[in-house]
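Participant: Protein chains in written order, with UniProt numbering: chain A, 1 to 318; chain B, 1 to 509.
Everything labelled a hint here was simulated from the structure, so no lab data went into it.
This structure is a prediction, so every number in the text was calculated from the model and none was measured.
Check before you lean on any hint, since a few could be wrong.
[Stated by the list, open to error] Here are the computed lysine to aspartate or glutamate pairs in the DMTMM-like style, where the Cα-Cα straight-line distance is at most 20 Å:
| id | chain 1 | residue 1 | chain 2 | residue 2 |
| --- | --- | --- | --- | --- |
| 1 | B | K157 | B | E428 |
| 2 | A | K171 | B | E271 |
| 3 | A | K171 | B | D248 |
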Amino acid sequence: MPIDQNLAEYSDWAYAAAALIYFLALIGYAVEGAFGRARKHAEARELVAAGSAAPPPEVRIGVIEDEPRRSRPERFGRMAVALTVLGALLHLASLVLRGFATGRAPWGNMYEYGAATMLVAVVGWLVLMRRFRENNVRRLGAFVMTPVVILMFLGFTVLYAEAAPVQPALKSYWLVIHVIAAASSSGLLLIPGVVSLLYLARVKHDRSPNRFGARLAPADTLDRLAYQTTIFAFPIYTFGIIAGAIWAESAWGRPWGWDPKETVAFVAWVVYAGYLHSRATAGWRGTRAAVVNTVGFVVILFNTFFINFVVSGMHSYA
Amino acid sequence: MTAFLRNTWRGLTSMRTALVLLFLLALAALPGALLPQRSLNLRATQQFIEANGWWGEFLDRVQAFDVYASVWFSSIYLLLSVSIIGCLIPRTAEYYRALRAKPVITPRNLARLPHHDTAETDRTPDEVVKAATGLLRGWRVTERTEDGGARTVSAEKGYLRETGNLVFHFAMLGLIVALAVGKMINYEGQVIVLANGSQFCNAGTLGYDSFRPGLRVDGTNLTPFCVRVNSFQADYLPSGQADQFTADIDYQSGHDLETGTWRPYDLRVNEPLRTEGDRVYLLGHGYAPIFTVTFPNGEVRTQTIQWRPVDELTLLSEGATKFDPPGVTDPEQRRQRQLAVTGLFAPTQIVHGGVLSSSFPDLTDPGVAVDVMRGDLGIDSGRGQSIFEIDQSLVDSGRLTRVARENLDLGEEIALDDGTRVKFDGVERWVSLQVSHDPAQVWVLGFAVLMLLGLGVSLTIKRRRLWVRASPGPDGRTVVSVGGLARTDQAGYGEEFGRIASALRSGRD
Ligand code: HEM
Numbered sequence: 001m002p003i004d005q006n007l008a009e010y011s012d013w014a015y016a017a018a019a020l021i022y023f024l025a026l027i028g029y030a031v032e033g034a035f036g037r038a039r040k041h042a043e044a045r046e047l048v049a050a051g052s053a054a055p056p057p058e059v060r061i062g063v064i065e066d067e068p069r070r071s072r073p074e075r076f077g078r079m080a081v082a083l084t085v086l087g088a089l090l091h092l093a094s095l096v097l098r099g100f101a102t103g104r105a106p107w108g109n110m111y112e113y114g115a116a117t118m119l120v121a122v123v124g125w126l127v128l129m130r131r132f133r134e135n136n137v138r139r140l141g142a143f144v145m146t147p148v149v150i151l152m153f154l155g156f157t158v159l160y161a162e163a164a165p166v167q168p169a170l171k172s173y174w175l176v177i178h179v180i181a182a183a184s185s186s187g188l189l190l191i192p193g194v195v196s197l198l199y200l201a202r203v204k205h206d207r208s209p210n211r212f213g214a215r216l217a218p219a220d221t222l223d224r225l226a227y228q229t230t231i232f233a234f235p236i237y238t239f240g241i242i243a244g245a246i247w248a249e250s251a252w253g254r255p256w257g258w259d260p261k262e263t264v265a266f267v268a269w270v271v272y273a274g275y276l277h278s279r280a281t282a283g284w285r286g287t288r289a290a291v292v293n294t295v296g297f298v299v300i301l302f303n304t305f306f307i308n309f310v311v312s313g314m315h316s317y318a
Numbered sequence: 001m002t003a004f005l006r007n008t009w010r011g012l013t014s015m016r017t018a019l020v021l022l023f024l025l026a027l028a029a030l031p032g033a034l035l036p037q038r039s040l041n042l043r044a045t046q047q048f049i050e051a052n053g054w055w056g057e058f059l060d061r062v063q064a065f066d067v068y069a070s071v072w073f074s075s076i077y078l079l080l081s082v083s084i085i086g087c088l089i090p091r092t093a094e095y096y097r098a099l100r101a102k103p104v105i106t107p108r109n110l111a112r113l114p115h116h117d118t119a120e121t122d123r124t125p126d127e128v129v130k131a132a133t134g135l136l137r138g139w140r141v142t143e144r145t146e147d148g149g150a151r152t153v154s155a156e157k158g159y160l161r162e163t164g165n166l167v168f169h170f171a172m173l174g175l176i177v178a179l180a181v182g183k184m185i186n187y188e189g190q191v192i193v194l195a196n197g198s199q200f201c202n203a204g205t206l207g208y209d210s211f212r213p214g215l216r217v218d219g220t221n222l223t224p225f226c227v228r229v230n231s232f233q234a235d236y237l238p239s240g241q242a243d244q245f246t247a248d249i250d251y252q253s254g255h256d257l258e259t260g261t262w263r264p265y266d267l268r269v270n271e272p273l274r275t276e277g278d279r280v281y282l283l284g285h286g287y288a289p290i291f292t293v294t295f296p297n298g299e300v301r302t303q304t305i306q307w308r309p310v311d312e313l314t315l316l317s318e319g320a321t322k323f324d325p326p327g328v329t330d331p332e333q334r335r336q337r338q339l340a341v342t343g344l345f346a347p348t349q350i351v352h353g354g355v356l357s358s359s360f361p362d363l364t365d366p367g368v369a370v371d372v373m374r375g376d377l378g379i380d381s382g383r384g385q386s387i388f389e390i391d392q393s394l395v396d397s398g399r400l401t402r403v404a405r406e407n408l409d410l411g412e413e414i415a416l417d418d419g420t421r422v423k424f425d426g427v428e429r430w431v432s433l434q435v436s437h438d439p440a441q442v443w444v445l446g447f448a449v450l451m452l453l454g455l456g457v458s459l460t461i462k463r464r465r466l467w468v469r470a471s472p473g474p475d476g477r478t479v480v481s482v483g484g485l486a487r488t489d490q491a492g493y494g495e496e497f498g499r500i501a502s503a504l505r506s507g508r509d
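Just chain A, same shape as in the assembly (with noise of 0.2 Å):
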């Protein structure tokens, strides 16, 4: 199938300013990070919930209330919301765009795997604002979204692979779920691999007060949303490596065969299962967990970076 060359530069185009607006964002994230007041932590709000017979709020007749000024790095932060918003929008189209242009699942190569793996940690990160949005995460935002940005920069700048037909050894519906499952994964993964790094500052602080630490999230919220991304992402990763074993056996005669990429997928996965084993054995919960689970996504990020390019093994299709 020809690839339609215009589409692949609306593509192009569409991802540069993805990239471009992901930073300004990040920018915002961190204004509203820097000079916003570090919120009270939310009232746990435990028993307000479906069903309960909460007393209606009191009306006061005749006062009009101010509704509640927004300060200014406050709407940075919403700003910064909208900007993601808006980059995953053409971040998306971006990667469709290549699919049509090529006639192909978009992953065929680094750059569009790259592209698809941000792309999953922006639309996380977004959900995970959400999720956690009255434990005030959002000031998080510049944290996470700079990985982001320099991985999608080095996408465009180093990886940058030209729209083309791939070989022979990847026409394979499987290489559509396992790159599905390896970047997915990947990406959500990233956020607890920021959020840990987080952690350790916050409980730093906790012990002898910093300013750095007091702007950061209470530890046990980022504790909670590090465990809980990767309790997702980590299923998923396993999948991942099971569809790339399935694959394997029918493209190279073997589900497993110790090339290098498999290998370091297995030692990250061993990572993270020791990441869920510390969280249940006494004097590694809190601080070394919050480690392992950084070294988990230094493993991931190795294996996509250096395996790739420095050790060739049977993955080096790149």
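Please build the complex by placing chain B with the ligand on the supplied structure of chain A, with the hints as guidance.
Facilitator: Only chain B with the ligand this time, still in chain A's reference frame:
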């Protein structure tokens, strides 16, 4: 002594040891990704050892080039397996007990729990308990009456979490065992077959160019089947990138061998032939130039021998096609008159200053650049030699000498001084096939799927407890206290707890 054994066992099966072993496993697997491994790439491994002197030899001695078969890697995963077993036995017993036990007794002070709520109501304790059990449908519930007249409800939910967790760990053990069994009974062989109707039968290890048996395989019981390669088709994009490879084959297996039936199959990358539990893969392909030699006495010999690609992108290939002189019985004589045609083959030739290279992998304008060697090829010496090369030591010692060097187009020929003519006659394609046999791999897959299911269940379901105590208060009203505890992770329980607690408080359900 027993104390020592018991302590070792306890240590080995503790959570902390399991954790350390897990990290050791991750660490131990890593060198295999960074250093060349013998099982994957023998040549790169040897080059690495030579290039690194004593360091290379040291690494070799500590099995760093055979990581996944090394003593230390094996010990770690064996210890880990023991640790898992040691962990699973008591956990399974505990799980069985917990399944039959009633939810635990209500704690004295529910206000101490991570989730709690207290309210007063006009309903009687019995009514409250009834309402509570109504709300807790789907939970395991027990009612109790305490001294002093208070009525309590203990409820528990989420046993599936532990079920999933146990399934996961057992399945992982199963997977390790299935892998080990596979290592015993599998085999894998590779063979090059000309794509001109040539056949290959899985009859014995000698039929293969290379063969890797499992630990308990001696090669006498291979699954019988035959494959005939009719033709091979490679489709390329204009850029030279491969688009699709297809080998048109027929095969015979099982009952078909007796009846002589051949069944057709299109063998492609990603689409192996699966028959009788064995798999046949299309691994690679290349060209076999055809040379015809007309000897001075008029006898003609034709050979079609595969040459190996030296450049995967353009399929420029090298090789050596060897001829014995016909009708020469004296071994001494023969060893002076053997011929080899050796050099380069290009499917789409470009010649620059007499140097041949290839510009495209497909067969559009084939050409060869060959040396014709005459003398002793060394094939009678009993020493095996590569079919792609001539023995360079014979050239160095002068027993094999070059008698011609020329570039040939299809159909051109070289005339040697003694009247022998060597003609480049045509080209065949060959395919390289791999036959794999591993009956245990479906078990590996089955256990992997079980692991995934167990993992999913154990990570999504929360084990949680809830208690209600309704005690008669001094003023005739009833004090209702509710407490909740999630066993692993408190996150997410708050909302569910809040819903139940406020429903109890409001008296609705
Ligand atoms: C290769 C070895 C092992 C791997 C890859 C592994 C993996 C895992 C994973 C992924 C979980 C997460 C499931 C969950 O949190 O519910 C888990 C949980 C658990 N594992 Fe393992 N495991 C291994 C060995 C062991 C051993 C040796 C023990 C006992 C000493 C053990 C005890 C546990 C326990 C108690 C949990 C539940 C923790 C919790 O509820 O959060 N595991 N394991």
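Participant: All hints are to be evaluated individually against the structure, with a verdict given for each.
Facilitator: Against the structure, the hints come out as follows:
1. Taking the CA atoms of K157 (chain B) and E428 (chain B), the gap is near 69 Å; set against the 20 Å cutoff, the hint is violated.
2. Of the supplied pair hints, the one linking K171 (chain A) and E271 (chain B) holds, its CA atoms being roughly 10 Å apart against a limit of 20 Å.
3. Straight-line distance between C-alpha atoms of K171 (chain A) and D248 (chain B) comes to about 18 Å, which keeps the hinted pair within the 20 Å bound.
The structure fails to meet hint 1 from the earlier list, while all remaining hints are met.
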